[in-house]
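Novice: For reference, the chains in residue letters:
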Amino acid sequence: MPQQIKKLLIVFTIIFGIFFIIKYALKPKSFGEFGHYRGLAIIENENKQVKYVGTEACNDCHDDIVSYKKEGPHVNLQCEVCHGPGYLHIQDPETNKLIIPSKREKCGICHQKNAARSENNITQVNLKEHNVENKCIDCHKAHNPYEFKD
Amino acid sequence: MDPRYESLYEALKNVHGYIYPNEISLTWSILIVEYPYITGLVAGAFILASLNRVFKIKALEPTYIISLLTAFAFLLVATMPLISHLGKPLRFWEIMITPHSTSAMAIFGFVYLWYLMIVLLLEIWFDYRYDFVIWSREKKGVMKYVYKILTLGAMGTSEKDLKWDKKIGYFITVVGIPSAFLLHGYVGFIFGSVKANPWWSSVMMPVIFLFSAMVSGIALVLFVYMGINFIRKKVQNMPTLDSIGKYLFYILIIDFTLESLDQIHRIYEANESFEILSMLVSGKLFFTLGIMQITVGTLIPLLILGFFQFFKPADKIRRIAYFLISIFVLTGVFFMRWNVVIGGQLFSKSLHGFTTYNLGFGGQEGFLMALFWMIIPFGILAFLLWLLPPWKKAVH
Chain L
2 MPQQIKKLLI VFTIIFGIFF IIKYALKPKS FGEFGHYRGL AIIENENKQV KYVGTEACND
62 CHDDIVSYKK EGPHVNLQCE VCHGPGYLHI QDPETNKLII PSKREKCGIC HQKNAARSEN
122 NITQVNLKEH NVENKCIDCH KAHNPYEFKD
Chain S
23 MDPRYESLYE ALKNVHGYIY PNEISLTWSI LIVEYPYITG LVAGAFILAS LNRVFKIKAL
83 EPTYIISLLT AFAFLLVATM PLISHLGKPL RFWEIMITPH STSAMAIFGF VYLWYLMIVL
143 LLEIWFDYRY DFVIWSREKK GVMKYVYKIL TLGAMGTSEK DLKWDKKIGY FITVVGIPSA
203 FLLHGYVGFI FGSVKANPWW SSVMMPVIFL FSAMVSGIAL VLFVYMGINF IRKKVQNMPT
263 LDSIGKYLFY ILIIDFTLES LDQIHRIYEA NESFEILSML VSGKLFFTLG IMQITVGTLI
323 PLLILGFFQF FKPADKIRRI AYFLISIFVL TGVFFMRWNV VIGGQLFSKS LHGFTTYNLG
383 FGGQEGFLMA LFWMIIPFGI LAFLLWLLPP WKKAVH
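Line by line, the protein sequences give chains L and S.
Heads up: the first sequence begins at 2 in this note's numbering, then just goes up one per residue.
Heads up: the second sequence begins at 23 in this note's numbering, then just goes up one per residue.
Fair warning: there could be bad hints in the mix.
[Claimed, not checked] No farther apart than 27 Å at their CA atoms in a straight line, the calculated lysine-lysine pairs in the BS3-like style are these:
hint, chain 1, residue 1, chain 2, residue 2
1, L, LYS129, S, LYS35
2, S, LYS338, S, LYS80
3, S, LYS166, L, LYS8
4, L, LYS8, S, LYS189
5, L, LYS114, S, LYS35
6, S, LYS182, L, LYS7
7, L, LYS8, S, LYS185
8, L, LYS7, S, LYS110
9, L, LYS8, S, LYS35
10, L, LYS24, S, LYS170
11, L, LYS52, S, LYS110
12, S, LYS80, L, LYS7
13, L, LYS28, S, LYS110
14, S, LYS415, L, LYS7
15, S, LYS415, S, LYS188
16, L, LYS114, L, LYS150
17, S, LYS161, L, LYS7
18, S, LYS414, L, LYS8
19, L, LYS49, S, LYS110
20, L, LYS7, S, LYS189
21, S, LYS338, L, LYS8
22, S, LYS170, L, LYS8
23, S, LYS161, L, LYS8
24, L, LYS30, S, LYS110
Bear in mind the hints are in silico, worked out from the structure with no lab data behind them.
Turn these sequences into a full structure, and let the hints steer you where they fit.
Specialist: Shown next, in the form of structure tokens:
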């Protein structure tokens, strides 16, 4: 065998070796167990830490707000849609504060005029025209926006 | 205007006729235009080099190594436009770790690797092995060791060793030609097999891609060869330029014929998509197809090259003409890819409307990114020419 081939064979063996090691090391452990996907995909997702807990969980401590919110048009909104994921907060409310969405844009996420949304589903105001000087929550109570602050 | 309609108007400005909502913005951008373009340049340059080696065309000899290095420089970048188009570019390697045999894209990864590692790298290595040995003896300092490593330890310089270099190199070339066809035919196949798109779905696609690839590759080698001579202040070798021009002419004719055949077939067949496609061609694609691809990229070069086959004006005129032609053809083929990739997404699947492609300037899929990936290969080529100067190769 010519020496070139000999040397090339060595080099290629090394390259393929590295490739297979990488392939072995990086391939997700349960891949291919049942088919062309991670066998443990569902369990892996099941084991992920919970982030959202739902309105019922807030009721334990903020029952006043929960029942107050029920009186207004925001009745169907989850608390966490505005305040962000609450799992850590319910474990330890003192250290894990939630977001207070006080900016106008936050309300605008849902209420901004948008031709692609139907007015029948959500009431819309033009953020550039509707009482531009103030924050929304200077007038509307966030949890029951039909009621106004003094 | 009522601001509530503003965003809708913004979108609808780009739309003519009836179109489904998910067709308004294009998912395959200029980067996907660049990907078949660059792969085509690689395959074309390589095929030129191989024909040169297999058929031993004396006049083309000075371009042999240059074509190989050009092909290599562009091949290293060929997948980059694809990768930078991904939503998560850093996860690109996953396609290689868990490839699926029914995924055209995953298999492309292996076709690409085969071509890069087995064909191109090896061919260049066998061409240069003897020179590496010589250079590792002559050079001083770090470069001595760089060349030594590049020999991979095969230091033999006897008659017999050289004969083996030649023999195996030749064998790789012979394997390489179908591989290059495979590489680029495959790119055409990926488009041609999108059966839902009447502008793409055609069995001719791989063949057309292949021939336009050869056209662009030859033009690129012409461009690079003239550029190198210019930078090194060497006289342009007219017989070489003439014979590259001759091959460019032949392949261009075949390419043009095949593409026309595809269109004529479409016109004669005139199936339900014909109306929208003819509106596409005479409207949205008029500039890129009619002017850039056909006129600038094909007809003008064909006329001039054809003229040169019968009359030989002064060297100086031919030199300038060849240089311009190489740029024209390169531009033309770029727009051919553009017309395929972008053109195929401009009309609605309803066959009743069009959208518009707005090329952004910056950003992940903008003009700058595309330009970046077009410039890098020339940088790599410059580096390769410095590391492996063809003009310092020993004659053997």
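Novice: Against each hint, give a clear statement of whether it holds in the structure.
Specialist: Hint check:
no., hint, result
1, LYS129/L to LYS35/S, "holds, 23 Å"
2, LYS338/S to LYS80/S, "holds, 22 Å"
3, LYS166/S to LYS8/L, "holds, 19 Å"
4, LYS8/L to LYS189/S, "holds, 16 Å"
5, LYS114/L to LYS35/S, "holds, 20 Å"
6, LYS182/S to LYS7/L, "holds, 15 Å"
7, LYS8/L to LYS185/S, "holds, 17 Å"
8, LYS7/L to LYS110/S, "violated, 40 Å"
9, LYS8/L to LYS35/S, "violated, 63 Å"
10, LYS24/L to LYS170/S, "violated, 30 Å"
11, LYS52/L to LYS110/S, "holds, 24 Å"
12, LYS80/S to LYS7/L, "violated, 33 Å"
13, LYS28/L to LYS110/S, "holds, 18 Å"
14, LYS415/S to LYS7/L, "holds, 24 Å"
15, LYS415/S to LYS188/S, "holds, 15 Å"
16, LYS114/L to LYS150/L, "holds, 24 Å"
17, LYS161/S to LYS7/L, "holds, 26 Å"
18, LYS414/S to LYS8/L, "holds, 25 Å"
19, LYS49/L to LYS110/S, "holds, 22 Å"
20, LYS7/L to LYS189/S, "holds, 15 Å"
21, LYS338/S to LYS8/L, "violated, 48 Å"
22, LYS170/S to LYS8/L, "holds, 13 Å"
23, LYS161/S to LYS8/L, "holds, 23 Å"
24, LYS30/L to LYS110/S, "holds, 22 Å"
When the structure is compared with the earlier hints, violations turn up for hints 8, 9, 10, 12 and 21 and for no others.
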